[in-house]
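S.K.: The residues making up each chain are set out below.
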Amino acid sequence: MRFEQSEFKWLILPADLGSLREFLEFVVQGAKDAEFSQEKLWKLELALDEALANVIRYAYPEGKVGTIRVGYRSEGDGQFCVRVCDTGQAFDPLSADPPVLPPDIEDRPIGGMGILFMRHMADEIGYRRKGGINRLTLRFLP
Amino acid sequence: MEITSQRAGDFVDVTVIGRLDGYWADHLTKGLEDIMRQGADRIRLNLSGVTYISSMGIRVLVQFHKKLHSIHGIFLVSSPSDPVKRVLSMTGLQDVLMPATSSRAQAVARQESIRRLDRKNSTFEIFEYGAPGSTLKCRVIGAPDLIHGCRFSEANCRTVSFPDATVAVGLGAFGNSFSECSDRFGEFLAVAGAAAYLPTDGSNVPDFLLSHGAFVPELQVLYSVVCEGPLALLARFEAKQETGRVGLTELADLCLEVAGTNQAGIVIIAESAGLVGAALRRSPVGAGAESAPFGHPEIRKWLSFTTEPSHARALAVVAGVAARSPDGALAPLLRPSGGDLALVSHFHAAAFSYRPLQKGRAGSDRLSK
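Which chain is which? The protein sequence lines are D and G, in order. Position 31 of the first sequence, counting from 1, maps to 31 under the working numbering, and the rest follow consecutively. Position 181 of the second sequence, counting from 1, maps to 181 under the working numbering, and the rest follow consecutively.
Just so you know, these hints were derived from the structure itself, not from any lab. Mixed in with the good hints there might be a few duds.
Derived lysine-lysine pairs resembling DSSO-like cross-links, with alpha carbons at most 30 Å apart [as the list claims (entries may be wrong)]:
no. : chain 1 : residue 1 : chain 2 : residue 2
1   : D       : K32       : D       : K64
2   : D       : K43       : G       : K240
3   : G       : K85       : G       : K67
4   : G       : K240      : G       : K30
5   : D       : K43       : D       : K9
6   : D       : K32       : G       : K85
7   : G       : K85       : G       : K30
8   : G       : K30       : G       : K66
9   : G       : K240      : D       : K64
10  : G       : K30       : G       : K120
11  : G       : K301      : G       : K67
12  : G       : K66       : D       : K43
13  : D       : K9        : D       : K64
14  : G       : K66       : G       : K85
15  : D       : K9        : D       : K130
16  : D       : K32       : D       : K9
17  : G       : K30       : D       : K43
18  : G       : K85       : D       : K40
Could you put together the complete structure from these sequences and hints?
M.R.: See below:
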């Protein structure tokens, strides 16, 4: 279901892995329309992928079918803003400690790198929880 | 996503084409697990056709590097596409998964002397394991014949310890005395300082004890065959792809052949294509019925049979003895193995959740884990 709200374009889909590709294509197409470079598209896709995967895997308790609302807008100064909203449990990715990457792979945890990816790829990250809604904002500079 | 694989010497080259994201990561995990189950312990993942990789894809790479490292195998990435190369670099994995030269692989090339055998359904690599000329000494404890009529009593019960260098199967139970165990004696096996048994008290839940420090597993034993000493040979085997499985009798026959003996104590640790067998349902103590447990119709009350192969794809530990003929001290507990090979044997098996096995000589260390 697509609809316009303010200047954002939005897409709402179930919070499951089957929705991941559609969300990514929706936002990447928007970024292409905004004439993002291949390099920027890659960073955008990786950051959003990690943000969405995090919500899909952890936001809702098992058995509960939640939804995710993803929106984007081009901002006048060449910036591109993506917003990921869900009503699952609160999680501020900015509050999590940056993952430590021991040089020896054997000492590394198997997971936990999603937040590193998100922080590395997005130029700005903002998080707000209000009225039971998590709102994660990823901003990409020109 | 498209995954193809082919053998290249010691390595299996796996080529992946597509996106390695959260949606497809499980697909690759399953593909790599299947390849490992087929015996590969050196995997080279060609990611030249991967257009995108997320942290979920990285997770798979780290996971399989760890899995293979734990069995002294090798997991490498080759020809990564530009997006993959950049992500590997960002996560500090480039040097680990893509060593500058193949020196690492060469450095760990197997130096072991191996004798290879090719059989109808399987291939074998034979390694010298114990000291040259070492022999396993097998003895029977108790009177296995008392199983006919289930005539075991307190006089037939003894306390036996099963330390590291012991392979044993029999009937017994964990406990301090015969009276404590009398209503739950069942089949047990003991290997490398670990003992497991299946109680016959109706719980149908196996129990086990592991050596730790000075502690050595101990059972109240009705009868047992106990083999002590170093195992002489290690035979690593793989079922051929055409058949996908190799039978217990074929394995036992090979063990007797390579050991050049008519009797052998054998421990097998393998991925199961299916276990077929029977287990006692009741404790074989003072039954007072002559035809128990093997006569009809009592057999139904006394034994449970696998109606079809069970525990497929599990890790099975099988221990016991096999012989070319039912002679000597082991005779009372040897049973015909069936099939074309005229063997007699007595094996017990325990099933565990699957985990990969290390190749080569050191693979036997896994027994104690």
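S.K.: So, for every hint listed, does it hold in this structure?
M.R.: Against the structure, the hints:
no. : hint             : result
1   : D:K32 <-> D:K64  : 34 Å, violated
2   : D:K43 <-> G:K240 : 46 Å, violated
3   : G:K85 <-> G:K67  : 22 Å, holds
4   : G:K240 <-> G:K30 : 21 Å, holds
5   : D:K43 <-> D:K9   : 20 Å, holds
6   : D:K32 <-> G:K85  : 23 Å, holds
7   : G:K85 <-> G:K30  : 23 Å, holds
8   : G:K30 <-> G:K66  : 16 Å, holds
9   : G:K240 <-> D:K64 : 45 Å, violated
10  : G:K30 <-> G:K120 : 29 Å, holds
11  : G:K301 <-> G:K67 : 44 Å, violated
12  : G:K66 <-> D:K43  : 28 Å, holds
13  : D:K9 <-> D:K64   : 26 Å, holds
14  : G:K66 <-> G:K85  : 20 Å, holds
15  : D:K9 <-> D:K130  : 21 Å, holds
16  : D:K32 <-> D:K9   : 14 Å, holds
17  : G:K30 <-> D:K43  : 28 Å, holds
18  : G:K85 <-> D:K40  : 17 Å, holds
Violated hints, listed in ascending order, are 1, 2, 9 and 11; each of the other numbered hints is respected by the structure.
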